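Following the hints, put chain G in place on chain B, whose structure we already have.
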Amino acid sequence: MIDARIRKRFPASKDSTAFELDIHLKAASAVTVLFGPSGSGKTLALDAIAGFITPDEGRITVGDALLFDVAARVSLTPQDRRCGYVFQNYALFPHMTLKENLAFAADRLPRAERRGRIAEMLDQFHLGEVSGRKPHELSGGQKQRASIARALLGNPRILLLDEPARGLDPALRAELYVVLNEVQRSFKVPVLLVTHDLEECFELGDQMVVVDNGRIVQSGQPPEILDGPANPAVARLLDRHNLVSAEIVALDPARQLSRLVCFPGAEESFEILGPYLPGHLLGARVTFAIRTDRLLAAPASPPVAGAVALDLARVSLRPQTARLMFGNGLMAEMPLRAYESHRHNKRWTVRFPPEAIRLMKP
Amino acid sequence: MTIDWFPLWLSLRVAALSTAVALLLGLWLAWLLARRPFRGRDAVSAAVTLPLVLPPTVLGYYLLVLLGRNSPLGEFYEWVFGQPLVFTWQAAVLAALLHSAPLLIQSARAALETVDASFERAARTLGASEWKVFWRVSLPLAWKPVLAATALAFARSLGDFGITIMVAGNIPGRTQTLSVAIYDAVEAGDGALARTLVLVISAIALAILWFANRLARTAFTFTSGQGQR
Chain B
1 MIDARIRKRF PASKDSTAFE LDIHLKAASA VTVLFGPSGS GKTLALDAIA GFITPDEGRI
61 TVGDALLFDV AARVSLTPQD RRCGYVFQNY ALFPHMTLKE NLAFAADRLP RAERRGRIAE
121 MLDQFHLGEV SGRKPHELSG GQKQRASIAR ALLGNPRILL LDEPARGLDP ALRAELYVVL
181 NEVQRSFKVP VLLVTHDLEE CFELGDQMVV VDNGRIVQSG QPPEILDGPA NPAVARLLDR
241 HNLVSAEIVA LDPARQLSRL VCFPGAEESF EILGPYLPGH LLGARVTFAI RTDRLLAAPA
301 SPPVAGAVAL DLARVSLRPQ TARLMFGNGL MAEMPLRAYE SHRHNKRWTV RFPPEAIRLM
361 KP
Chain G
363 MTIDWFPLWL SLRVAALSTA VALLLGLWLA WLLARRPFRG RDAVSAAVTL PLVLPPTVLG
423 YYLLVLLGRN SPLGEFYEWV FGQPLVFTWQ AAVLAALLHS APLLIQSARA ALETVDASFE
483 RAARTLGASE WKVFWRVSLP LAWKPVLAAT ALAFARSLGD FGITIMVAGN IPGRTQTLSV
543 AIYDAVEAGD GALARTLVLV ISAIALAILW FANRLARTAF TFTSGQGQR
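Sequence order for the protein chains is B and G.
Start counting the first sequence at 1; every next residue gets the next number (my numbering).
Start counting the second sequence at 363; every next residue gets the next number (my numbering).
The following block holds chain B by itself, in its conformation from the complex:
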């Protein structure tokens, strides 16, 4: 359980504009993922919890330990915070063997426990055979496991990981997820992880916290957030949604439906069926998001109500899906196989399932 209220201003300097980190992070689940673009302040939040930077205002507790409180003039040193920190470059001491790296961390344990604990960690992380090697003689996966083992050895209150999968090839990435799942099972330590990768949030996160420009913009379970981004900024960060401006032209409470004109006023505007929108007035302008994989595209067929015929502008092929980009900026993602059989098709019919439409707060 972590409760961190952090506010810190970074004045503009020669190579950066002014920035303010202002977040209140509450995480009760096993793994919490801080998701955000680079420069959003997510690593700064980690650094504030670990004690590398001092917030101007706020209070940080982990479990029942108070780490930082401006009002009470409490600010523990990084040494006293007992936060296990896994750095992006692992930060294994290059002049020490793996075992010496672990022994360095074991110094905070009672003398009698040290050797046993080191052996236990070497065993747990399958590092026994390479314990005499220096970090540069270890494989990427071994380094990764070693840095996690070192961070966990002193029984930290929380495990903090800064973009652990950044720059890793897929195999190592998969290995990391396995290791972190094992860590969850065996160590019962809460994990706070920073990433800019949505797949990682799904892979690891019980709870996902979206950070943008120094603020928390949404938090929840990853599928919830992907399904219903709170605002256009979150939708843009996720990069898997269409954002469409529309005008409400009809509301039908009986059938729980509405009629929306998309891109009102533009030449290529068209009408679709939407969900019933309680609390909205006829003629109101709204913005909605719809996931690219919920937008249904099919080769042009005779016109149906609520569907629109669009010309394909570009296709972006992914390992399993094809992302169709239409002239008006809409994107639809479909299974690659389904696309393959229509690859020369230019004109498509696109449908908006009403239940997939998510109205954005302005």
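Treat the hints with care, as some may be off.
With a cut-off of at most 25 Å between alpha-carbon atoms, the simulated DMTMM-like pairs for lysine to aspartate or glutamate come out as follows [stated by the list, open to error]:
| id | chain 1 | residue 1 | chain 2 | residue 2 |
| --- | --- | --- | --- | --- |
| 1 | G | 506 | B | 206 |
| 2 | B | 134 | G | 492 |
| 3 | B | 188 | B | 206 |
| 4 | B | 134 | G | 475 |
| 5 | B | 14 | B | 212 |
| 6 | B | 14 | G | 404 |
| 7 | B | 134 | G | 478 |
| 8 | G | 506 | B | 137 |
| 9 | G | 494 | B | 80 |
| 10 | G | 494 | B | 100 |
Hints are computed from structural coordinates only; laboratory data are not their basis.
Keep in mind the model is a prediction, meaning the values are calculated, not measured.
Same frame as chain B, now just chain G:
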């Protein structure tokens, strides 16, 4: 021709002692300057560098004022050791220290700054005291450039003239260091002695520089980066 080698031995001894003291005091300060942002760091850094740019006579004057027989510090020294500090070989150590410590501190600082800060941060999260961080992580990772800096400081402290002559004087057989002896020999028209001493000190300095450059070149610099493959 018999050459009195006393000035050379004195110079080596003075340089060794002053370098040892400079290391003891300066390394910690260098690390603070490199790593620990504190209020007034720029002022301390400027003060530390000042002796590099002030004329030696000015530094010598300061030392005389600070440690002369009529100053409180000078009186204290005399009370403790039973003899005045000025015009002794110990004063020459102080002169050499003032001459070389700024170089040591600034180059050791640069050396320590090459260490990736994440190693030190990692050490702190693992519970290491600042003392342990310095001795077990920072210094071992930067020992080669730090040793190079130490060698440079040693070479520089061999060569002080101005401060030494003001606070330690020119007493043959007692406070006459090599550079002072060379001045003396030239003044006295003893060209052979001057030539010999000049060549000796040049050779020593050259050897030290060669050693320091080698160290600096082979120094590992551990930089952050994505895990090396």
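Is it true that the CA of residue 494(G) sits at most 25 Å from the CA of residue 80(B)? holds, 14 Å
What's the verdict on residue 14(B) and residue 404(G), does the C-alpha distance respect the 25 Å limit or exceed it? holds, 18 Å
Within 25 Å, alpha carbon to alpha carbon, are residue 494(G) and residue 100(B)? holds, 14 Å
Quickly compare the C-alpha distance for residue 134(B) and residue 478(G) to 25 Å and report which way the hint goes. holds, 17 Å
Straight-line Cα separation of residue 14(B) and residue 212(B) no greater than 25 Å? Holds - the C-alpha atoms of residue 212(B) and residue 14(B) are around 23 Å apart, at most 25 Å.
Does residue 475(G) sit within 25 Å of residue 134(B), going by the straight-line distance between their CA atoms? holds, 23 Å
Is residue 134(B) close enough to residue 492(G), meaning Cα to Cα at most 25 Å? At roughly 24 Å apart (the allowed maximum being 25 Å), residue 492(G) and residue 134(B) satisfy the hint.
Is the straight-line distance between the alpha-carbon of residue 506(G) and that of residue 206(B) 25 Å or less? violated, 47 Å
So if I understand the rule, the pair passes when the alpha-carbon distance is 25 Å or less; does residue 506(G) with residue 137(B) pass? Roughly 22 Å between the alpha carbons, so the hint for residue 506(G) and residue 137(B) holds.
Pair hint residue 188(B) and residue 206(B), alpha-carbon separation not exceeding 25 Å: holds, 14 Å
Hint 1 from the earlier list is the only one contradicted by this structure; the remaining hints agree with it.
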